[in-house]
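Visitor: One letter stands for each residue in the lines below.
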Amino acid sequence: MTFAHYACGSYEHGANRRRFLRQSLSGIAAGGAIAGGLGSLAFGAAAEQLKSQDMRVVVFNMHGGLSQLESWDPKPGTKTGGPCRSIATSVPGVHISDLLPYTAKQMHHLCLMRGVNTAEDDHGKGAYMMLTGRRQSGAADYPQIGAVAARMLNDENRGLPGHIVVTPNGGGGKGNEAAYLGPKYASISLGGSKPPPNTTKPDAITDESETRRHELRRHINQEFLSRRRTAITDAYTHSYEQALRLMERKDVFDISKEPVRDQDRYGKHDFGRQCLMARRLLENGVSFVQVTHSNYDTHNENFIFHIEQLGEFDQPFATLIADLADRGLLEKTLVVVLSEFGRTPNINLYYGRDHWSKAWSVVMAGGKLARGAVFGKTNDEGTEVVDGQVDHGALFHTYLRAVGVDSSQSIAVDGRELPIADPAAAPIWKVLT
Amino acid sequence: MKTGHNLLFRCLYCVIAISLFTHHLLAGDLSKASFATSIDALVERDFEPFVATPESDGPLLRRLSLDLRLLVPSQAELDEFLADTAPDRWQRWVKRFLDDPLHRERMVDWLDKTLLQRRPFQHVDRAKWLTYLRAVVDARKPLDEIVKESVGGVWWNQSERAQQRFFLERSGDPHAIARDLGRVFFGRDMQCAQCHDHPQIDDYLQIDYHGLLAFVSPSILVETKFKDEKGIEQKLQVYAERAARDSPFESVFDKGILFRTGMRAPGDCEFFDPYEAPDERYRAAPMPDSLEGAPNPPTFSRRTKLVSQLAGSNRAFAENWSNRLWALMMGRGLVHPLDMHHPDNPPTNPKLLNALTDALIESGFDMRSLIEQIALSNAYQIGSHLPIESSLRLGAIIEMPIELQNLFASDLASRTQSIKATVIALASKADEAKKSYADAESAWRIAQKERVDVWAELDKSEAAFREVMKKVETATTAVEKAKKLFTEASSRQKLLEEASEKLEQAKSLGLADDAELQQAIVATKSKAEGTKSTLPALEKALADAVIARDSNKPALEAERSRVSEQASKLTPIEERLHAADVNFVAARSHWQKAQAKHVVAVNQISILSRIQKWLETSQSIRSLEQARALAVQSLDQLKSGLSIISNDMASIKKQLTMVSFAKNAIESKYDLAQIERKDIQSQLELLRTTHDSLDKSLALVKSPESLVAAKQAIQVAIDSTQAAFTNSDVLLSSIIAELAIQTKLAESQSSQLVSAEQRSLEQLQLIGQAERLVEIQSGMVQQTIDACKNAMQNVLEERQKSVYMAQTRPLSPEQLCLSILQTTDVLKNHVAAESAELEKQSPLAADATNEQRFARSLQATRQAIDKLRPHMDVFANLYSSGVGQTSDEFFASPDQALYMANGGSVFQWSAPSNSNVTEKLVQQSDSKIASTFLFRSLLARVPTSEEQHWIGDLLSNAGDKKPAVAQELVWSLLTSSEFRIYP
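So the sequence lines, in the order shown, correspond to chains P and X. Just so you know, we're using this note's numbering here: the first sequence kicks off at 1 and counts up by one. Just so you know, we're using this note's numbering here: the second sequence kicks off at 1 and counts up by one.
Just chain X, same shape as in the assembly:
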């Protein structure tokens, strides 16, 4: 059964692996067997279902250019890249961008933001800082050296003033500095551990925070003076280091145990300061070229100790920097957030972080080589939006045959099962490790407590020592003073005697009678005598002062030996403490590793269960769809039933109408017959009346013959009318009978109609019910589709965190600004102007070397950037997270949009000029070429056919407004969402 679905799973799990190999493997420099390959080996081993395809060429170059040079590629570069088909294309382009002057500015920008976090220039001016960073990058100084310079450098004069910014711009606040030592150098933000062990993060202990604080807490801001070039006195604050034991140790109250801690870097044991008596802690002489007012440095420097620790074997330090360089390229650290490294937030791929760290150390902390290897890896070249447009779409599962779905589900279940077993094992290992960690910690805390007691005693002895030391210092000052008085008096006396001798000589040379001179000689001599007489007293005072001073010395020595005796007790305790510490640190690191493994496995389960959830909801969509289809079918049946009933009703209604027509006809016939009958009746009545009156007349007349004849005629008429009347009665009753038949018919049809209406109503009710059912079913389908999308989104979010691909992310404020300047040719024009100016000042020789040419282009680029910096500052002000934040969180606000629309120069830059993109757009008559050109220049991709279409129409219909329309187009692309983010 394996072979059957292996292929499927290959598709499901490893789509990317295949496509990656075909796409870029050839591109790699195989001779180099680079570290990039190792990255991919570690990444691929971890591949899971949701995988991406390699980014397409244009966007890929855009990403590389943004990462290595802070801006999007130029149109010319893009064309060249797309036309380049050589197998080593990618490698050459990575190198080309690394060798670009702008890459140096990229690294300057990164170092600046990482070390200083956009802090304003309060102590060191910007030019000095930029000059320093540029020199560092030009010299390809190892990263650890740069970091060390910023914490261990010369502070007592201005030779390393720029390097001191790390301290100075944090206002010399030891807490701000300690927090950032943790964040920037060790990837651990322990601010919440300042007053107690971190409430949410098990691994951030209060002693860790105070261990870092101890490196800088003896330092303090001191005001010094110096004379500037014009000889004017200036004041300058320096971050002076003091002797550690002279500043109080931080004490914290922890469950009733008072303890103090010394220097400690993450993952290391505590370092003990060598013990020195209070009067031996500072260098006797100032450092060479010290600023006026700068104190002498301590004999033991904790800051230097920190440097040597960083230079040594501290793993957390190296891990932090390899993670930061990974994040620089990929948009997200393997540990994320970058400064939240702890066992409950372990690197998503611990092996990869390990390998990166080893590589960084091996390279001698060379930023460029690690960056290069990351850029060369396939992982870097994967599309950042991978899961969204990848082969595994929402529909994929539903379209898949059911048995394959089941196979996928069971594979998923068995993976989950096996990881669950691992998790349980890892959890118990972590628990065990935690126990021995707790034991080791309490052993360490006991030893720590012992030291606290010795320290308390030592504090007392030191206090006594200081009392005597103070006396000695006072007496020493008195000796100095007496010595000064005596020396001055002796010199004065000597000079006066010499002067009077010289005056005598002058007198002997022709001024023997000069009264004024004589007066001067007498005065000088008497002054000399007077001074001489004070000498013995002054000498005695000096001798007394010396005696007084020396009399304190035995007391001081006695105190010294007491202090040193007390201090000597520290040694065995520190040894014990160190032994306990070694166990403590080892047990802790053991637990950290076990816990991290456990968490990684738990995270894997969580991803798998999210995938499972997605699969289940996807599958339920299918059955719900079926249920809905059935409901729709029965609804259709009901509807067709209804239409039959409706037809019946219609025919009944038709018949009913016919019946009522017929009935109406009969009724009118009846009415006519009635009228006729009435007519006949009234005629009959008239005849009868006539007949009766004839009868009466007959009795009265003599000759009735004519009357009799009339009577007979009337009788005849009566008879016939009577017959007609009888006929009409017959007719009428036949009509009535007919009417009765029709009425009956109508009644039966009406009742048929009523029952049909009844049936129709019932049917409608059924239809209503069925429709509701369909509605509910559809709702369920829709809900499930939404749930499925939600589940998909969950999976994607999880995967985005752990899949090693460059992240979709916004451009930094500087990238956004420089990219706009690049796209609109503003930067190019500035560089050209600076080049021309430099060329005017000192033309480059025709046979200038490549180095000379590069140096010239570097200088021109830097000058151009410096001139454009005010624009970058505006962008930084609008788009950055501000001072002191570890990274620029994305946010969008109307004031940014208002600036882009109305405030800044962005619309102005978009105007046609020289041969910039807008001008070319105006000149290009083929609208298809124009739109392709526009999209390539601004977005490094070709437009979709739809885009090509409407932009083409827009431009060709613009007429004489074409320049305006082109400008608006360029602006609208610069302000589009697509321009704002990484591809």
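Just chain P, same shape as in the assembly:
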């Protein structure tokens, strides 16, 4: 990356100005992170390099607390096992719950983490830990994985937002998940095939007027930037070009553009549509997509609920994994299935399972992760981790490493060096290739 030529009254001035104009028109002006102010420009080089590798993340948030016993770590025939059985998978010797028959056929792509212990049984706190890799504290706030991924992976020149949460109906404004990374990396909530807000030109503005006002804007900026160019002015000017590009690419958010056959394969229900949307976004290079599946908080009738919920989850999820693999995207895409915690091995009086964070499972796939792997083990009744215990901090580091991000690095924000992952934790190297 060459030194950004800001207006500095030099005799090289004219040439630089022309060079800048060319760059800005082709959209490659002074790349990288502006959020940290002028000082953070140096960060650009490493980030650009990483962005060129084009990695992505999709997170399935199994809201409420997915039962590990009815999914990734079944214990059939024990007193905690419940009525569900286990089935063989595409990886010899690895069995998962019979509620996930389609997913079982994709096991050779997956990496099961069966030794998760997060020691936090509160929904809010558990969710916070799983998404930020840290324990919540009144005195500090940490960015979620989506914000970190957007910051580290998103190529702004694609003109697409880097952090998208897909919900059944979309809506909602910007979230506040980015903490100190700044709202630039906060999520945009999408759903119902609607593009992000304000991406349609108001009818009152004619095409002619639209073209002209942007030309005028560029012209006025050119004049000014030739005299006073800073990282701030670059970023601000660039954001308007990004906006125009986003308007051009609105179709990315429209899953009716997907083949009818695929719409059928994923299913017409909300979750199927969300998975198809996720595939479409990932294929178009969006760096982070989160899909939430609700609700697994089964204090009553755990088994009926899981049959119903996983019945909806299984096929679209397996289809997405298979599609990503077929299209060569799994290499570039980390898939994570997480919850705020697991559920108790003990079955309560209402055939329910309660909150259980001592021994549960998280599933990952893709990126630099080992394929068809199982890491960690619980005891026969699933009450404790007996091997390969990991926690939210280690998982968070691993997510980042799986997409080629050095999780030990810090980001400079307003003069503070902030580690992107908890420095007290480390990646799970054994599942990384």
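No lab work stands behind these hints: they were computed from the structure. Watch out, some of these pointers could steer you wrong.
Stated by the list, open to error - Partner residues aside, some chain P positions facing chain X, computed with beta carbon under 10 Å:
1. 101
2. 183
3. 186
4. 194
5. 210
6. 212
7. 214
8. 219
9. 244
Unchecked claim - Within a straight-line C-alpha distance of at most 25 Å, the following computed DSS-like cross-link-like pairs (lysine-lysine) qualify:
10. P:201 to X:420
11. X:434 to X:420
12. X:867 to X:828
13. X:527 to X:494
14. X:962 to P:201
15. P:368 to P:332
Note that the structure is predicted; figures quoted are calculated from it, not measured. Glycine is no exception: its CB is placed at the ideal position from the N, C-alpha and C atoms.
Model the placement of chain X on the given structure of chain P, informed by the hints.
Guide: The following block gives chain X in isolation, referenced to the frame of chain P:
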């Protein structure tokens, strides 16, 4: 030698000082000998090479207006300012903006963001909060008072509800509050010191964090009830204070030593709570007007203690606020980030911060006077983009004579050398200070440990005390209950007796035979008797309860004396601890100062070395340029050599062509001669054949005469043909000889050509080499130029941090929104509408005082702002850093741009209407006037001639689309980078 280059260095180091004096010194109110002058004295002393010129008038007014009023000046104001030539112009305009209703809103905005950091309104509604802040600003309440109200105010009723927001909107989380006490009030973000001493910052200790936490950790959110105006019961959370020792002290494990800490504000010693026995810690009666369910406050309030500490001598507190006010005006604190004050990040100009702090304290924490003085200083009026367009451009050094360059370099070197010597001295001083600091700290930690042991004992005694206290409380409750039963029974008996007496009286008045009445009398009497009979038992029960209660009292007193005996052990230990603490704090402060001085000097060196780096690279550009010129020269020579060779080759080629032409001609001659020879030969052969056949015929014929004659004739022909044949042979051989000559000539020329081609190839190779050399040299020059720019950029970035000038910075979301509303006349129209409405409701008297008029305009402005607030909220949502951030970091995202382009009203506001800027643009037929007007209105500057030109063309060619084009123009200026940032 001094005089020679003194002048130069004056230029290099002090360009600004000169221009500043000529520009604004006259403008100052000399009679006032203001603090602004002191600021400049401190700033100028520190001037170094990279200095700016004063900002030009338009942008300067734009900056002042944004800083003091949250929006850009109106076109009318700008015109008036530019036309104002009075010597005290600047002073009057500063005052004028300070007196503007919008200045009050500016301060409301600043207080709001500083104290609450854009937290949502969960506990106190927005109107109440705004009303409070506006009242505070209207009353010109001292800043320290405002801060104190927010931490030490009344919490048990709603009288100071708005002030409680600082606590309430942080959900009463002691850690969130402790962190923000550090950040907002003391300029120290110590969140990382919560669990251990700060890993990166030496000076942020865990005890500092917990010292702040101790002020609020006994507080807790409590739900209370009250009846609203309609008499409906409402619930309300209050941040109730509890007695300190009732909530556990934070304990932290530090290298095997368990310790607890009390209240401690940055730079102060620990404060000890007075010891009170567990049953003496709360006020006996509720506070007046307490909400239902609000607990009684403790007898000793740590929150009040915090207030008195803030009111007292805490230097860090005052420094923090003077730094924040400086940053409000200059865009960057002398300490930056604002909440990272520690010796390794000292103020860039410690003396200046000191002076500002003294001035703030002296003014009684009056925000307005400090802001005014900063605005009046020359430092404020310097261009924010100073180094970029200043006299010291990249080229300056290169264009400078070499001996002056060397002088500059040696001056730089000697400065660096002398600072280096200072740094070494300062480093060793800091080291020494650190050692005595470490000693003092360990002495303090030992005393601290002693107290921990006493506390542990005290905890045990308190536990025993509480056991008895609990019994006493239970017995007291029993007494209350027995007393209640007895009192009720006695009253009941008395009332029944009175009733039966009254009934008797009624009976005697004409109802003697009434059976029902008689029945009632009997029943009442019997009830009275019945009640009476229970009285003795109840009385006894009461007496027993009292005895039972009192029997516990000696035990309680015994425990009390044990506790107080144990507590009395605290006093000598606390005295020792305090003595150690005094040393500890003094040694620490000594080290802090020494370390800060050291760091400031190190930073100076780093700046100087960056300047040196820049100078060196600048100088090397010159020698590299020379090398490149030489390379270019030799390349040129080679090229001219090549052209000589090429000329030679051309002439050889020409000759060669001529030779081959000649050769061709000879060859065709030869061919002709050959043909002729063949003809002659065949003729000769024919003749000979004829001759031979005549000979044969002669032998056969009798009269051969005619034949003989024929034979003779043929012989003659043969002879002549033979001669011709011989001739042609001669000719042919002469042609062959000629051809041989030409062939030889061609051969020699060809070989000449080959050698010339060879030479040309060699020359080309040389040229290639030379060209590569030139390329490399040019690359080196370019690289060095880039490196030089990089070095320049480094210097500038460093200087931007420490040079005291307003910073280039983006407008805040509120400034951006209000500036757009101002520029498009939307705000003006709103204010006018509110004014008209107020006037309709209560017309202002013709002889209304200035105060009344101001109050009316203030009210109209505030009402207008409140109506426009939804727009400001949208901007805040899009452009701010969000909740809980210390400042709005700049970021640009497509959703902001999409809003400006498609979502919001910005394009709509840009449409021509009434007499707004767009309408005026449409009406103005002189395109030059129009473009000047447009730029002045939106950017507070005149357009460049280029801008004037193309905008003029655009407008005059627009025809009937002029209104649309004007609207697009205004929109494009509103969305330009220039509008987005400070001038």
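Visitor: State for each hint whether it applies.
Guide: Checked hints:
no., hint, in the structure
1, 101, "violated, 42 Å"
2, 183, "holds, 5 Å"
3, 186, "holds, 8 Å"
4, 194, "violated, 14 Å"
5, 210, "holds, 9 Å"
6, 212, "holds, 5 Å"
7, 214, "holds, 8 Å"
8, 219, "holds, 7 Å"
9, 244, "holds, 8 Å"
10, P:201 to X:420, "violated, 61 Å"
11, X:434 to X:420, "holds, 21 Å"
12, X:867 to X:828, "holds, 13 Å"
13, X:527 to X:494, "holds, 11 Å"
14, X:962 to P:201, "holds, 21 Å"
15, P:368 to P:332, "holds, 8 Å"
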